[in-house]
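> Spelled out, the chains give:
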Amino acid sequence: MPKPLTENTTVTANQPAQIIELVQRCTAQRTPIVDYGHAHKTLGHPPPPDHIQLILQNNTIEHYDRDLVVRVEAGTTIAKLQATLKKSNQFLPIDAHDDMTLGEVITHNVFGPLRVGFGAMRDLLLGLRYIDGHSRDIHVGGRTVKNVAGYDVTRLMVGSLGELGCIYEATLRTSAIPQTVLSVELSIDTPRRLDAITTDLLVSDVGPVHLALHAQANHWRVHLAYFGHTAGCRAQSNALETFLNRFAPELKIDRTQETTLDQDAQQRTRRSQWRRHTPALVKLIVPLAATGAVCRQLSQWATTYTTLQIDALPAHGRVFAGGDLDADSAHKLDLHTSQLAASVGGLRIWYARPTGTQSIDPWPPALTDRATLTKLKHAMDPHNLFNPGRFITAQQ
Amino acid sequence: MAAAIETVLNRLREVVGDEGVLADRNELVAYECDGLPIAKGVPTAVVFPTDTGQVAECVRVLAKLGVPIVPRGSGTGLTGGCVVFGGGVIVSTSRMTRIESIDLANRVAVVGAGVRNLALNEAVAARGTPMGATEGGWLRFSPDPSSQSASTIGGNAATNAGGINTLKYGVTTSHVLGVEVVLADGAVVRTGGGLCDGVGADLTGLLCGSEGTLGIITRVWCRLTAGPRHFRTVYAEFGCMREACQTVSDVVASGVVPTSMEIMDGQMIGVIEQAFGYGFSAGAGALLLIEIDGVEAVLDEQLESVVRICGANGAEGVRHCADAQERAELWRVRKRAFGAIGRISRSYCTQDACVPRSKLPEAIEAITAIGGRYGLKVTHIFHAGDGNVHPILLFDEDDADDVQRVLAASEAILEYCVSIGGTITGEHGVGVEKLHLMEKMFNSATMAAFGDIKAAFDPDGCINDGKLIPSDRIRIELKGVTGMNVPGGAG
Ligand SMILES: Cc1cc2nc3c(=O)[nH]c(=O)nc-3n(C[C@H](O)[C@H](O)[C@H](O)COP(=O)(O)OP(=O)(O)OC[C@H]3O[C@@H](n4cnc5c(N)ncnc54)[C@H](O)[C@@H]3O)c2cc1C
Numbered sequence: 001m002p003k004p005l006t007e008n009t010t011v012t013a014n015q016p017a018q019i020i021e022l023v024q025r026c027t028a029q030r031t032p033i034v035d036y037g038h039a040h041k042t043l044g045h046p047p048p049p050d051h052i053q054l055i056l057q058n059n060t061i062e063h064y065d066r067d068l069v070v071r072v073e074a075g076t077t078i079a080k081l082q083a084t085l086k087k088s089n090q091f092l093p094i095d096a097h098d099d100m101t102l103g104e105v106i107t108h109n110v111f112g113p114l115r116v117g118f119g120a121m122r123d124l125l126l127g128l129r130y131i132d133g134h135s136r137d138i139h140v141g142g143r144t145v146k147n148v149a150g151y152d153v154t155r156l157m158v159g160s161l162g163e164l165g166c167i168y169e170a171t172l173r174t175s176a177i178p179q180t181v182l183s184v185e186l187s188i189d190t191p192r193r194l195d196a197i198t199t200d201l202l203v204s205d206v207g208p209v210h211l212a213l214h215a216q217a218n219h220w221r222v223h224l225a226y227f228g229h230t231a232g233c234r235a236q237s238n239a240l241e242t243f244l245n246r247f248a249p250e251l252k253i254d255r256t257q258e259t260t261l262d263q264d265a266q267q268r269t270r271r272s273q274w275r276r277h278t279p280a281l282v283k284l285i286v287p288l289a290a291t292g293a294v295c296r297q298l299s300q301w302a303t304t305y306t307t308l309q310i311d312a313l314p315a316h317g318r319v320f321a322g323g324d325l326d327a328d329s330a331h332k333l334d335l336h337t338s339q340l341a342a343s344v345g346g347l348r349i350w351y352a353r354p355t356g357t358q359s360i361d362p363w364p365p366a367l368t369d370r371a372t373l374t375k376l377k378h379a380m381d382p383h384n385l386f387n388p389g390r391f392i393t394a395q396q
Numbered sequence: 001m002a003a004a005i006e007t008v009l010n011r012l013r014e015v016v017g018d019e020g021v022l023a024d025r026n027e028l029v030a031y032e033c034d035g036l037p038i039a040k041g042v043p044t045a046v047v048f049p050t051d052t053g054q055v056a057e058c059v060r061v062l063a064k065l066g067v068p069i070v071p072r073g074s075g076t077g078l079t080g081g082c083v084v085f086g087g088g089v090i091v092s093t094s095r096m097t098r099i100e101s102i103d104l105a106n107r108v109a110v111v112g113a114g115v116r117n118l119a120l121n122e123a124v125a126a127r128g129t130p131m132g133a134t135e136g137g138w139l140r141f142s143p144d145p146s147s148q149s150a151s152t153i154g155g156n157a158a159t160n161a162g163g164i165n166t167l168k169y170g171v172t173t174s175h176v177l178g179v180e181v182v183l184a185d186g187a188v189v190r191t192g193g194g195l196c197d198g199v200g201a202d203l204t205g206l207l208c209g210s211e212g213t214l215g216i217i218t219r220v221w222c223r224l225t226a227g228p229r230h231f232r233t234v235y236a237e238f239g240c241m242r243e244a245c246q247t248v249s250d251v252v253a254s255g256v257v258p259t260s261m262e263i264m265d266g267q268m269i270g271v272i273e274q275a276f277g278y279g280f281s282a283g284a285g286a287l288l289l290i291e292i293d294g295v296e297a298v299l300d301e302q303l304e305s306v307v308r309i310c311g312a313n314g315a316e317g318v319r320h321c322a323d324a325q326e327r328a329e330l331w332r333v334r335k336r337a338f339g340a341i342g343r344i345s346r347s348y349c350t351q352d353a354c355v356p357r358s359k360l361p362e363a364i365e366a367i368t369a370i371g372g373r374y375g376l377k378v379t380h381i382f383h384a385g386d387g388n389v390h391p392i393l394l395f396d397e398d399d400a401d402d403v404q405r406v407l408a409a410s411e412a413i414l415e416y417c418v419s420i421g422g423t424i425t426g427e428h429g430v431g432v433e434k435l436h437l438m439e440k441m442f443n444s445a446t447m448a449a450f451g452d453i454k455a456a457f458d459p460d461g462c463i464n465d466g467k468l469i470p471s472d473r474i475r476i477e478l479k480g481v482t483g484m485n486v487p488g489g490a491g
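Protein chains in written order, with this note's numbering: chain Y, 1 to 396; chain V, 1 to 491.
Some hints could be false.
What the hints assert, rightly or not - Covered, in the sense of this in silico footprint (three residues per stretch, anywhere, with C-beta under 8 Å from a C-beta of chain Y), are these stretches of chain V:
#1 102-115
#2 274-287
#3 386-397
#4 417-427
#5 434-442
Please keep in mind that the hints were generated in silico from the structure rather than gathered at the bench.
Yeah, the Cβ is synthetic: ideal placement off N, Cα and C, and Gly gets one too.
Model the full assembly from the supplied sequences, consistent with the hints where possible.
See the structure below:
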């Protein structure tokens with residue numbers, strides 16, 4: 001006779017069989033299994049009060065170092081994974097904070113400036129193992145870099161917000177650690193033309209490996225970097241200067257620094273750290289050519305209402321804005337960002353809503369694929385066990 | 001098929017007009033197969049809608065009448081995916097060829113599913129440099145299957161096609177931002193759209209590679225990325241395949257990411273020389289084509305390390321393409337290689353599988369040996385950098401025994417690839433050809449999960465049922481068929 005689950009408990013699972021057993025027991029007792037991750041606890045509708053939280057294993061199962069492929073347990077933190085890969089002079093080219101687990105990075109499609117040079121999780125993930133809502137042990141994808149056998153559930157799970165199953169293992173591509181990272185910090189008075197400059201940069205000979213825009217109090221900074229051999233990085237940095245003089249004189253190089261991948265990663269993390277702690281955080285996904293204008297409008301809005309911190313990935317049309325907002329300002333920001341997103345054909349998502357703003361819908365208005373996602377959720381998690389109601393609501 | 005044929009045709013004509021329905025038996029024969037001629041089936045009709053609305057209406061009509069629906073692009077697939085078995089109607093995208101927009105500023109093109117891959121790239125190229133600032137900068141839709149002059153973007157998305165530059169730039173799914181798809185109930189769903197990110201599970205990712213079994217893709221948002229401006233292209237000759245394969249494995253392990261690494265064996269070198277006279281050494285045991293692209297300032301240094309690895313593995317000579325013309329000619333020859341195989345064999349069967357790249361040296365030897373065990377000659381030309389092997393089995397299609405041995409050897413080869421951590425298909429897909437191998441690759445739970453996904457999209461199995469995953473409703477058996485023909489080619 002299985003032991004009854006006491007609700008709101010944390011359960012550690014060491015083997016897929018244990019997750020299967022847990023899913024079976026939770027199904028029988030109608031107890032949801034909740035995992036919102038470390039850094040995404042406030043994303044989406046809150047979990048039901050009574051639930052089980054699952055702690056997963058955190059080991060590297062196999063590093064096929066000659067293939068630049070690694071197979072890892074989903075509970076592994078990014079810090080632990082990077083440390084393992086470093087022993088073979090490799091790394092996972094994704095911007096994710098050290099304390100996030102790999103599972104969290106996958107289910108939240110976490111990406112950052114490095115996406116310019118290395119793609120996002122959907123480009124790096126080769127295979128997955130997960131337990132679905134029927135308590136089945138599903139293995140999709142594999143360890144080869146190309147594979148079109150069966151439905152691409154591996155990609156489907158990217159960004160799935162933990163609603164479709166419990167991922168316990170992933171296989172990913174890795175990259176070689178570059179000899180040198182040459183990071184460049186630039187300033188710009190206004191990001192008005194930044195989108196055009198970004199496209200120009202990307203098709204030029206000085207396309208960087210990462211690129212991001214940061215702003216506070218109307219002070220705009222662009223950070224970018226080149227990876228490679230020292231001489232090559234230097235050549236690119238020189239070419240960047242020539243490029244900027246000719247095509248983007250409004251961008252001024254403030255600092256150029258030869259550094260290591262570790263240091264560069266720390267700097268990237270530091271620049272995005274504010275997002276982990278800010279009480280109000282909204283994300284906009286906009287067409288690429290609208291990124292600069294959206295950033296500008298957000299900063300103009302901030303001069304009237306409150307201080308906002310903004311960071312953006314101009315190469316991918318992603319903007320984060322947030323700060324220490326009270327409920328009233330957050331409501332105003334919601335109105336502004338909703339209108340802004342709608343006006344450019346983009347989306348806005350609240351990652352963190354301050355107290356007193358629970359009436360704000362964290363998600364964008366109905367998307368045409370929501371009904372299809374709901375059908376899929378029902379097929380993969382028929383008892384609505386995994387993160388129920390976070391994004392896909394039962395009544396849809 | 002539930003409804004009388006005339007009823008079906010009349011209802012379809014109401015939707016797309018007389019000119020949009022093909023029902024003449026003589027003309028329908030052109031649609032009886034794709035690039036896998038052992039999988040044959042003449043459709044009841046072919047319908048040619050021109051927009052999403054017409055596709056949705058056709059699907060509603062056919063679903064209501066209980067008529068099986070099969071989506072088709074250009075029919076260059078190599079697995080029988082767009083073939084009708086046991087009656088049904090093909091919904092062709094060949095009239096959905098409008099390039100709706102090419103937005104260089106947002107680096108996205110929106111195209112009808114029937115637009116050919118090359119047509120899109122030519123149209124993008126004609127628009128020139130994105131912002132006008134950087135001389136020589138250009139954008140493109142990166143997936144480049146060898147069939148790109150014929151295959152459609154909808155077909156590329158549905159099969160998640162790869163190509164020669166996949167090694168560095170990824171397969172089709174990495175370049176599709178969103179799709180519009182007509183589901184089995186006629187509903188039109190748009191996933192993603194022109195944005196680089198979305199909310200919730202990656203439906204676009206699921207639809208890419210679903211081989212037309214979940215719905216009919218009518219429109220694709222194609223990500224445009226910077227085309228390379230500077231290249232170094234070399235080809236290295238080796239005494240044997242093991243050395244060439246080991247070189248690929250070593251280059252991968254070194255962390256350098258070339259644009260392409262393609263291998264051909266001695267027999268293929270001979271065939272290509274006979275056909276195109278490019279100038280390869282006739283006596284070489286293997287040839288490795290390597291291209292790197294990127295920033296001019298660092299290319300020579302990268303090339304040097306690649307050439308060093310070739311030398312360390314016994315390359316007998318590494319030749320450089322002197323100029324753009326020589327480079328273009330080299331890749332043209334590579335892409336046309338399959339057309340030349342007829343010189344050494346009446347018929348051939350190209351297999352498609354993927355193996356871990358570190359296992360290439362042993363895998364190629366084992367695959368050739370498997371062919372030998374079945375009394376068949378095997379020759380190789382493949383995307384080595386991806387570990388995507390394309391062993392070509394040579395045989396005589398009029399010899400029924402030969403045909404059976406080809407089928408048996410193919411199966412043994414694919415099983416071997418799975419046993420060393422590989423997969424049954426790297427880029428061509430499953431279609432009907434590899435249906436029976438799916439259960440060797442996936443456990444029963446995963447197969448059941450695939451079935452649930454199909455049922456969520458298409459509970460009555462209206463669209464392309466019995467492809468990609470087995471179906472209770474239709475069983476397509478290829479094994480008994482004789483008279484195997486020449487598959488169209490590959491990779
Ligand atoms: C000479 C030659 C070279 C080739 N080289 C390569 C290569 O390098 N790489 C590679 O990956 N493949 C290659 N192929 C295989 C083939 O070209 C690709 O699979 C291609 O993507 C198929 O496109 P198509 O438009 O011809 O699709 P079709 O053959 O018409 O259909 C293929 C599958 O996709 C489905 N489908 C087609 N259009 C749609 C749609 N709009 N909506 C939903 N489903 C749809 C069909 O039902 C079918 O299951 C080659 C084939 C040949 C003949």
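> Return the numbers of the hints above that this structure violates; sort them in rising order.
Those not satisfied come down to hint 2.
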